[in-house]
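Peer 1: Each chain sits in its own coordinate frame; assemble them with the hints.
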Amino acid sequence: MEDPASFRDPSGVVFRRDGVVYRQINRSFESEWALFGTSGLRDELTRAGLLVPHERVDDVEPLDDRAALVIRPLQLDFVSYPYEWSFSQLKDAALTTLEIQERALRSGMSLKDASAYNIQFVDGRPTLIDSLSFEASAPGVPWVAYRQFCQHFLAPLAVMAYRDVRLGRLQREFADGIPLDLAAALLPGRTRLRPGLGAHLHLHARAQRRPGHEPSTRASSARVSDTGRMALLDSLRRTVEGLSWEPDGTAWSSYTALTSYSAAAAESKTRIVGEMLARVQGARVWDIGANTGAYTTIAVAGGHRVVALDADAGAVEQLYRKVRAGEIRDVQPLVVDIGNPSPAGGWALRERRSLTERGPAPVVMALALIHHLAIAANVPLASVSAFLAGIGSDLVIEFVPKEDPQTQTLLEARRDIFPDYTLEGFKAAFAARFNLLEEAAVADSARTIFRMRRRDA
Amino acid sequence: MIPVSPELVGPAVYAFVGHVQSGGSVAPGYIDPGTGSMLIQAALAAALTLPFVLRNKARAIVNRIPRRRTQPLGLGEGKPALR
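So the protein sequences, as listed, match chains E and Z.
Residue numbers for the first sequence, in the working numbering: 48 to 504.
Residue numbers for the second sequence, in the working numbering: 32 to 114.
When the alpha-carbon atoms are kept at most 20 Å apart in a straight line, the in silico SDA-like pairs for lysine to any residue are as follows:
no., chain 1, residue 1, chain 2, residue 2
1, Z, K88, E, D281
2, E, K474, E, E486
3, Z, K88, E, R284
4, Z, K88, E, E149
5, Z, K88, E, T274
6, Z, K88, E, S282
Some chain E residues judged to face chain Z by a derived CB distance under 7 Å, without partners named:
no., residue
7, Y193
8, R194
9, H251
10, L279
11, S282
No wet-lab data here; the hints were simulated from the structure.
Glycine is no exception: its CB is placed at the ideal position from the N, C-alpha and C atoms.
Chain Z extracted, bound-state conformation (with noise of 0.2 Å):
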């Protein structure tokens, strides 16, 4: 066993000689995540990783223009003083 600690070898690393020191087995934990479960989700996040990364780049790019900044047409506060 390699003597390693979170605070030593940081989280990532840490997380990655567990799993070599399981035996690469199929998952951390306790409980039994199933055999297709375990394959069907791994197929199920490569067909979705796409479309979530271009929805996540076009929502970015929504939030990148500048909205239009609306003034009440109407009497009361926030209409422009008149000059």
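Same shape as in the complex, but just chain E (with noise of 0.2 Å):
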């Protein structure tokens, strides 16, 4: 079956067959993936980490009559999308980006292509999954993917880093990168003084607004040099390089360290967990509300993949930090409010995956969230258990009762209409599509933290 998201470049396909994806590539891609391995490229990348390995089977049938050759990939766990990834995600993918292409400029190609979406962390580092990005570099040609370039990291870097790091969504609304006069607007009037920003952003964005008159002959008369080339890229990493954001003041990234359990509530909570967990059926977990990963570090150390969601971009930047410094592993952070998750998205509503059709997990794991969902944001207890229930067979989860204090700062300002939220109306609402399998109360707090299995599992 072909990828739906795997249409726009004509060099090839990807494809899934019994559950493995391959990648087909044209007869018309035939002679540039030929150079793209005599000239070394293809190896340096694929050593260096920067590129996913592959390697050609023969043994696979193609997809169509289209095809030269079948390459199969190296196998990912789940796939991310740029706007679920931190600030710091979304710069170590752009610096990832910029090295690739001056490698691939020393070896005579180029990227034909610079989409954020051809990146994917692989053991925690920006990986290009896109083996047939490169094409041979014509002399004199300017970078073809440079507006993309700016449009996918730049432009949503610079809004995040200048005016809100919650802007790093508007990735989600526009399918190929932020519009370089929306964020010249959003940006603060300071940012056109910076030479970097001022340049690849403000004069870009000017550039693509002048009225231009027989395009294709002006836009043909642009040529530049080699080492010119090398200057562009030198300077678009500079101003990357320069672009920063540090999480202090989110909602939830201090959250650990103001936590209101007590030493004997969050040891027994760390054990309970590290428990339930020992006996889930599989080895690859969602962690729903990760915040800073305290309790994804028990899943990694149990041997889990896990997949650490968390609305707060803030935690999400402190875990990735973990991740990249190598303190944990195993893990993919990735900014995503459950309660408004990544829906479908590019043509057609079938280039980009739901969150959920990125499923299943098979194990979830849900702390400290259901007070969230169910009183903060009004979701009635059945409708949880019937979406975790959508995205994993094995859970974990934590019911935080009224008399919890982060409940009771919840319903601190609100009329309390949630009659049914009490331990019983948790169980008989999970009971309906789970079998509930283990119960332990948390000690010294009134939480009690479940293991269930779905009953169709």
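Peer 2: Following this line, the structure appears as structure tokens:
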């Protein structure tokens, strides 16, 4: 079956067969593919961990008669999208793209696109997954992906750094990156005076607005020397490196430090979660509401690979920094608000898959989450149960009762319209879809943690 | 069409021939690079070239200056033996 996201580039097509992802390389791209190999670039990028490894397979039937050959890339557990990345994830992906382009130019090739969707995090590192993104570098021709790089990376990073990190979500709205005129309008006026942003965003946006006369002729007159190409890349790199954001002020990034748990409660919860995770079925865990990853760490220690989701960009940023520093492995931190998870998008709503379409988990961990969904977001318990049953078969979930200080805070300024939000109501709602296998009270608190398995699993 | 391959003529010639064969069009590839983007890129690249070259030369000169070796002043490993 052809991957619905793989249709724009005529060089090849991604397809799935028996659950395995393959990439067909079309005859029209065969000579470029050969050059990619003979130039040494393919091996160089793979060895450096910048390109996802792949192998040629001759025993797999191609998708159609356009095929020259078929390759099998490294199979990924989970595909994430740029609008789900924290600031540093997007920044590292940008720098990786620039490094790949620099190495490509030195090998006589060039990236023919610079889409952030071509980057995935493999073992915590940004890695190019599109092996077909390279073409021979035509002398004097400007980088065709310059605009795309600015829209997919520079514009979102700049508005996140200078305005608000939550503006990263704009990437969800625009399929080909944030339009430069919009980014320029959002940025503070002083950024016009910063050499990199002034040139690559503000001037660039103005250049796009100018009415073109005989566009193809004028554009074809643009020439760039080999040194000029490197100078442009160097400038882009320094501009990206100069953008920074610190997560100090966000709501949940300091949650772990400010939590109302006593030491005894924290220790008890840690032990219970560890014991329950040891008895779940499946190696992959979605930790929903992971915060800075305190319990993600427990899952990883138990041998699980974790997709850690949290709505707070600061918390996810902190967790990603731990991953990048090698303090924790097998974790994919992502900025996702489970109250409004990533929808499907792109052409025909099939180019980008929704969060749930990228499941099943198969193990879901939902600690200190239920009161935010049921009380802060007014989601009925039965609906939470149905949603979680749709993404995982095994569930480790914490019930936070009304008398808990955190729930009290949520109810402080509003009327309590949640008569069913009780331990009994919680059990009834979840028992409709899950078998309740274990139940353990967290010491020195009113909370309870459950291990459940979906009824049909 | 001229029958060439990258192995036969090398990457640069191969790319040049491909560029000519495509009618010297704006650029190869499949995405729209944008007319304004191509023009501003060419202008920026030209403007950035000299500072880039000078910075690289300055860096090369700095790297050629031998660094003064410092010896630890305190006791412990690395202190030159007293003669």
